[in-house]
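Undergrad: With chain A fixed as given, assemble chain B onto it according to the hints.
Protein chains in written order, with my numbering: chain A, 3 to 189; chain B, 3 to 189.
It is worth saying that the hints were derived from the structure and are not from the lab.
Don't take each hint at face value.
[What the hints assert, rightly or not] Sample of chain A residues facing chain B (criterion: CB under 8 angstroms; computed from the structure): (1) Asn-63; (2) Lys-82; (3) Gln-132; (4) Thr-133; (5) Thr-135; (6) Leu-138; (7) Leu-140; (8) Ser-142; (9) Thr-144.
[Claimed, not checked] Below 35 angstroms or equal to it, Euclidean Cα-Cα: the simulated DSBU-like pairs (lysine-lysine) are: (10) Lys-35/B with Lys-126/A; (11) Lys-164/B with Lys-70/A; (12) Lys-168/A with Lys-189/A; (13) Lys-82/B with Lys-126/B; (14) Lys-126/B with Lys-113/A; (15) Lys-118/B with Lys-12/A; (16) Lys-113/B with Lys-82/A; (17) Lys-157/B with Lys-143/B; (18) Lys-82/A with Lys-157/B.
Treat the numbers as computed from the prediction; the structure is a model and nothing was measured.
Think of the CB as a built atom: it goes at the ideal place given N, C-alpha and C, for glycine as much as any other residue.
Number of protein chains: 2
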Amino acid sequence: MEAFRNFLNKYTSIPENEWQQIWSAFEMKKFRKNEMILSEGQICRFFYFMELGMIRFFINNDGEEITKFFTVAPYCFTSKESFRNQKPATENIQALENIVAWQINLGQANKLLKLKSWESFTRKFMHEVQTYTEELLLESKTQTAEQRYFNLQQKYPELINKIPLKHLASFLGIAPQSLSRIRNRNK
Amino acid sequence: MEAFRNFLNKYTSIPENEWQQIWSAFEMKKFRKNEMILSEGQICRFFYFMELGMIRFFINNDGEEITKFFTVAPYCFTSKESFRNQKPATENIQALENIVAWQINLGQANKLLKLKSWESFTRKFMHEVQTYTEELLLESKTQTAEQRYFNLQQKYPELINKIPLKHLASFLGIAPQSLSRIRNRNK
Chain A
3 MEAFRNFLNK YTSIPENEWQ QIWSAFEMKK FRKNEMILSE GQICRFFYFM
53 ELGMIRFFIN NDGEEITKFF TVAPYCFTSK ESFRNQKPAT ENIQALENIV
103 AWQINLGQAN KLLKLKSWES FTRKFMHEVQ TYTEELLLES KTQTAEQRYF
153 NLQQKYPELI NKIPLKHLAS FLGIAPQSLS RIRNRNK
Chain B
3 MEAFRNFLNK YTSIPENEWQ QIWSAFEMKK FRKNEMILSE GQICRFFYFM
53 ELGMIRFFIN NDGEEITKFF TVAPYCFTSK ESFRNQKPAT ENIQALENIV
103 AWQINLGQAN KLLKLKSWES FTRKFMHEVQ TYTEELLLES KTQTAEQRYF
153 NLQQKYPELI NKIPLKHLAS FLGIAPQSLS RIRNRNK
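Chain A extracted, bound-state conformation (with noise of 0.2 angstroms):
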């Protein structure tokens, strides 16, 4: 868990007593590679730490799989609307390499809300999930896609490479084709 306190500590400062009440809380979960964490109309039970791993959110749209998201640990996630309202959820959360988690549901995920450290820690992650959230959608108006690839490979320069080449491309918009040929020209 320390490395969650870590984490925790890059967007406030956490108080022994409250870190306390937080580590309580959170259990820990591993997925396999590939695994499914949530399938669509499932309902999302947990909110959880990735201390380890790497995951893709995907939806089902006529039959293909569309990427929304890819999310690189140490970072927190969930399926938010489902978890919230504890209703089926309309994405899909897959392992794309194996996990390790910490995991609370919604019923402990309030209580700690009642922390002053760990409010102001959600408040400050939802914001920074809004702010990434924003820039896709308006890198998804004014760039290409080579351009996003580029950003992504800047971003996450070790990572790219271990996404298959499908999920990149449905993220990116185009088809596995067109992401080969970009990835050819800048070999």
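TA: Below, chain B alone, put in the same frame as chain A:
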């Protein structure tokens, strides 16, 4: 301010004493149609509740204005990153109609966060904005400009004709001529 109280009540219940504090903190502000509420490079000093009117967020991209979002009253808005960190904005906000709004500065907003009702409202509001942004991102990956135009038309049937064609086209990521063709095909 009754419109604001009704708006907040959709998210969370506001005890009378907390409403009094919220009410005291906000000041009225009007903007004329086409007026710039915020220009790139300025610091966004306020968080707004827009009681009447409609605005657009846009950026300059190589001399071209790209519309990111439209926001329609009654709703809250700010340039989040600029407001929270009091640093120069990377986006512009423009009134598309005459606006009646209510504003608070960052110090006041932080004070209000100590109220349970205001903290709850801002958290739920942020979730709603995040969900909407994710929806737009997903639509940009899965739908044609024509489909996205119809979504907008369904969501804001009375307002869509008030938005200048060029702003609507840049929001959809297409040329104004292409949007004209979509409109003419569906008359």
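Undergrad: If you draw a straight line from the CA of Lys-118/B to the CA of Lys-12/A, is it 35 angstroms or shorter?
TA: Roughly 25 angstroms between the alpha carbons, so the hint for Lys-118/B and Lys-12/A holds.
Undergrad: For the hint on Gln-132/A, does the least C-beta distance to chain B fall short of 8 angstroms?
TA: holds, 5 angstroms
Undergrad: Against chain B, with CB atoms and a cut of 8 angstroms, does the hint on Asn-63/A hold up?
TA: This hint holds: Asn-63/A lies near chain B, its Cβ roughly 5 angstroms from the closest one there, short of 8 angstroms.
Undergrad: Does Lys-82/A pair with Lys-157/B here, judged by a C-alpha cut-off of 35 angstroms?
TA: With Cα atoms ~23 angstroms apart, Lys-82/A and Lys-157/B stay inside 35 angstroms; holds.
Undergrad: Take the shortest C-beta to C-beta distance between Ser-142/A and chain B; is it under 8 angstroms?
TA: Interface hint status for Ser-142/A: holds (5 angstroms vs cutoff 8 angstroms).
Undergrad: Within 35 angstroms, alpha carbon to alpha carbon, are Lys-168/A and Lys-189/A?
TA: holds, 19 angstroms
Undergrad: Between Lys-164/B and Lys-70/A, is the straight-line Cα distance small enough, at 35 angstroms or below?
TA: Holds, at roughly 32 angstroms.
Undergrad: Taking only the CA atoms, is the gap from Lys-113/B to Lys-82/A under or equal to 35 angstroms?
TA: Holds, at roughly 27 angstroms.
Undergrad: Could you check if Thr-133/A really has its C-beta closer than 8 angstroms to a C-beta on chain B?
TA: Thr-133/A check passes; min Cβ-Cβ to chain B is 6 angstroms, inside 8 angstroms.
Undergrad: How about Thr-144/A: closest beta carbon in chain B under 8 angstroms, or not?
TA: holds, 5 angstroms
Undergrad: When the nearest CB of chain B is found for Thr-135/A, is that gap smaller than 8 angstroms?
TA: holds, 5 angstroms
Undergrad: Classify the hint on Lys-82/A as holds or violated, based on whether any CB of chain B lies nearer than 8 angstroms to its CB.
TA: holds, 7 angstroms
In this structure, none of the earlier numbered hints is contradicted; all agree with it.
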